[in-house]
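2 protein chains.
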Amino acid sequence: MPTYRAPVKDMTFILNELLKLDSFNDLPGFEEATPDLVAAVLEEGAKFCENELQPINASGDHEGCTRHDDGSVSAPKGFKAAYDTYVEGGWQGLTQSPEFGGQGLPHVVGFAFEEMMISSNMAFAMYPGLTAGAIAALSAVASDEIKQKYLPKMIAGEWTGTMNLTEPHCGTDLGMIRTKAVPQDDGSYTLSGTKIFISAGEHDLSENIIHLVLAKTPDAPDTVKGISLFVVPKFIVGEDGSVGDRNGVSCGSIEEKMGIHGNSTCVLNYDGATGWLLGEKNKGLAAMFIMMNAARLGVGLQGLGLSEVAYQNAADYARDRIQGRALTGAKNPDDKADPIIVHPDVRRMLMDARAFNEGARALALWGGLQVDLAHKAKTEEERQLADDIVSLLTPVIKGVFTDQGYANATNAQQVLGGHGYIREWGMEQFVRDARIAMIYEGTNGIQALDLVGRKLGLNGGRAVQTYFKIVGGFLKDNGDGDMAEFTQPLSKALKDLQSATMWLMQNGMKNPDHAGAAATAYMHLMGLVALGFMWAQMAKISLEALDAGTGDAEFYQNKLITGRYFMARILPESGTHLAKIEAGADMVMALAADAF
Amino acid sequence: MPTYRAPVKDMTFILNELLKLDSFNDLPGFEEATPDLVAAVLEEGAKFCENELQPINASGDHEGCTRHDDGSVSAPKGFKAAYDTYVEGGWQGLTQSPEFGGQGLPHVVGFAFEEMMISSNMAFAMYPGLTAGAIAALSAVASDEIKQKYLPKMIAGEWTGTMNLTEPHCGTDLGMIRTKAVPQDDGSYTLSGTKIFISAGEHDLSENIIHLVLAKTPDAPDTVKGISLFVVPKFIVGEDGSVGDRNGVSCGSIEEKMGIHGNSTCVLNYDGATGWLLGEKNKGLAAMFIMMNAARLGVGLQGLGLSEVAYQNAADYARDRIQGRALTGAKNPDDKADPIIVHPDVRRMLMDARAFNEGARALALWGGLQVDLAHKAKTEEERQLADDIVSLLTPVIKGVFTDQGYANATNAQQVLGGHGYIREWGMEQFVRDARIAMIYEGTNGIQALDLVGRKLGLNGGRAVQTYFKIVGGFLKDNGDGDMAEFTQPLSKALKDLQSATMWLMQNGMKNPDHAGAAATAYMHLMGLVALGFMWAQMAKISLEALDAGTGDAEFYQNKLITGRYFMARILPESGTHLAKIEAGADMVMALAADAF
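Protein sequences appear in the order of chains Z and P.
Under the working numbering, the first residue of the first sequence carries the number 4, and numbering increases by one thereafter.
Under the working numbering, the first residue of the second sequence carries the number 4, and numbering increases by one thereafter.
Some hints could be false.
Any copy will do: because identical chains look the same in the list, a pair fits if it lies in one copy or spans two.
Said to hold, decoys possible - As a list, the in silico DSS-like pairs of lysine-lysine whose alpha-carbon atoms are at most 25 Å apart:
no., residue 1, residue 2
1, K334, K228
2, K543, K23
3, K339, K286
4, K260, K80
Derived from the structure by calculation, the hints contain no laboratory data.
Construct the complete structure from the given sequences, taking the supplied hints into account.
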């Protein structure tokens, strides 16, 4: 059975030494976030994840969720108790507004905790994850009355949330949705339609479930411009906040899926359900995107979280499994064989994952900090800068982290050989769970298109140009001495990215198919540079610490080893991405549709 | 539910136009293999696969195999009937020796049929696949008496076979096996021990199951040099060939796996089972490798077969699914949206798979032809050449095809978005089934090590040098005109491969870890060149046919489109592989084992 050890030390390194969280202690929410408090929160969170969530991960996968004849759904054994502990611990409110009962800690701290939850039990982590998305949307667009009604209970974790976009005939193209919302005299709406793939759509963890639902009013244009967002509680909430009658929304079935069996993915039937409009009519998509953007960073964390736990278990196996001899002679001469961690090809798979995990953790937390700064930084200029950067990198974090998380989980499974394919070892669950993250909240192809088709050109390319300046400036300042082995490869990769950007500017306008054909390679190329930039910064910190003789020397030495591996064995992929981009769209588009 | 259309036209193109099968019609087995006969065999095989095997693929996955309290095992519903049809059709004997009742057709034809079986139902295809491996080993090393006893029934398909290598504590390192074989006075042996991961180990398809088992005799060295190979039938076979008493081998349990649920993966307990030595004592490993090498090419076909069927279903979905608009304006203006096949990023995933599938099919069948020629070519020189080439490329076909097959199945699943994650659409089964092929018959890491550590240096590097000469010669003869867009990229990739080979020769000897750290990248680099060489040859044939105005112009034009895609968008990966190889082992080996 798999195990999990939360990487608290690596997280505090990133928060304290890379992001220097305490330098922001004059911003709201950051005053409290002293290194000691953050460490205590993460230690407490680690205990919850290691001791409560991880032990019910494999059993939850095996048992799955159960829909009863009356349409009610039970989560797997142990989930309800763990969720109660989660609520008691106040975890749902960790980074939420104190106005509604939250603790108001920075998002960057919440991101670290979220990674741990995912590593220990992704199917479980999705329940509070969807609540957080719903809270974000309500906070952004709901009226004060609705906020007062729902947010305190949701932030307490007593009620959970969902997001309802997909219908059987449409997912990506939300202009096609058919769910209807008919206005009533009392200002409410009556919703009818079918939604599919609704994660955490029905379950027994919480007292109420608050569905956020995209639907069209009768007079709305039948396009993406006619979508409105509604809040539809499972149980109608009284004026006093009490939970009343069952609303007209029910779970028609639970989908049988490849993984995340512990999360109930529901078909939800809306049959005259009462809902209330959120924000403006016909502006539902914009509101949903607020929720979606937060959710996309969370899905990126899923790629990282599964890569981390899969890596840990593969490393444990590689240390324990005695099989064969090292190529350079017996390392374990008294035994019949050496542990397989002596083999370079086994280490290759572990180091690929490790170099990604540590770089991605830094990038994710850096992204989390930008989310905070976009709202809380002192000047409009700083807020805009942070918002630009996080907008640019959100599709990269979602798309690259989940592609790579799946690849790393697959490699970790490979380390176990035949045992990796057997259920009881737990590795194949990580692969099956990781697979969904490449698909939902916008497939990774959609992320890539968002990046090249939208984010790159926004405000005349302001974000990407700023980003290039930041990375380029760092490279210029750190090109010599011990840093050269980090900055030289990164300079080459940045040059590839800049060439690709130039190529897109010159060709993507002329023919949008060039942008479309380049999109995925471009997203991965930007991901390499973004991860490489994190590694270069972490290398600098480590070199300086070793030079100064402060802190845990072994920790910094291992950082440098892993960083060098990233630069030499992962970053060179940038050249292939550039070649694919510059190959253009012609041969992608040439084959007739019916010739495939 | 998925569908499958056997790619008979592409197969006959390869057999007739690329491999020119009729030019070998003076060799045994090839006389009969006229284009008409081969086409008829493949058409008949296609019908069997499409109509009998494909319809029970998803249901077989869902139901799995059942072990009953008495240790007997039932295959999923429909498998027994389909297997009876398979036996009646004489398919098991297709390429087997006429001496024992086979039809003696070339292996290359058998390879084509095997791909179809895998695409339609991989779990089913494994039953006869393992029989074929056992037949190969018995044919190579058994005494005439044992051959007469077992081969006719096995070649008829009435009895099936298995291979028993792995034990709980050892897989790759077979020197550690503990199963004991104690000699008896009558010349037989008594076997005791536990074998795990035994595919097709127990089932109700055949009258008898012939287990080939690695074990150690009491006086044998406790290393890989002390392994012997035994034949252990489930039911003892009488002198007259009749099936007698139950032998002391039984199924202890069926493994719960990630996929291939329709195949019974058994723990087999040998408890005083009677077996007979095959070949020489203590030479079991060599005998097992005969079986293994044939099996590795078959596993390579599994990567191709699953990539093909996943591709077909993704292409169908992409044509049918109406969602969003083309980036270049509506292609389907009368409907609310366009089919998603208009999107370059969807086409990228389909073209990646298509370019691999057609190239890999050519390479696999070319490999199959070399298997035939290694035994049947007229001169010793020709036989040696064929044997050199197939030995060199066997790990490449196994490792690259299965890595890529999994990647393509994953991408095909991605094309379906959320539906790809749901069981009833069948795409996730292809991914789960494809996963095992990277692990069994020697993990892909072991394939890579076999290539760089063994095959490259064999006979002073004779095979690889010959191969470079063949590819280089073709490039030299075809560097100009319309062929340049194919041969120029291939020349670059070949140069990368030659640089990598040189680097390995210079550094791998000094420090074997350099070879180990480079192995997987080198295997993939050689795979790219081998596939590219097939594409260049197919491009030449297509250009010539179009020039001459013979045959189906659209077929050749589509070949050229797909070949150009391979050259421009897949082959450039060679540069990244070279960079990883030249990065060396130091940073792979630097981290202390307990620091992972």
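What label fits K334 with K228 when the C-alpha limit is 25 Å: within, between, both, or neither?
between (66 Å within a copy, 21 Å between copies)
At most 25 Å between alpha carbons: which applies to K543 and K23, within, between, both or neither?
within (14 Å within a copy, 61 Å between copies)
Homomeric proximity label, K339 with K286: Cα distance no greater than 25 Å:
Between copies only: 20 Å across, 68 Å inside.
At most 25 Å between CA atoms: does that hold for K260 and K80 within a copy, between copies, both, or neither?
This pair counts as both: shortest intra-copy Cα distance 19 Å, inter-copy 22 Å.
No hint from the list above goes unmet by this structure.
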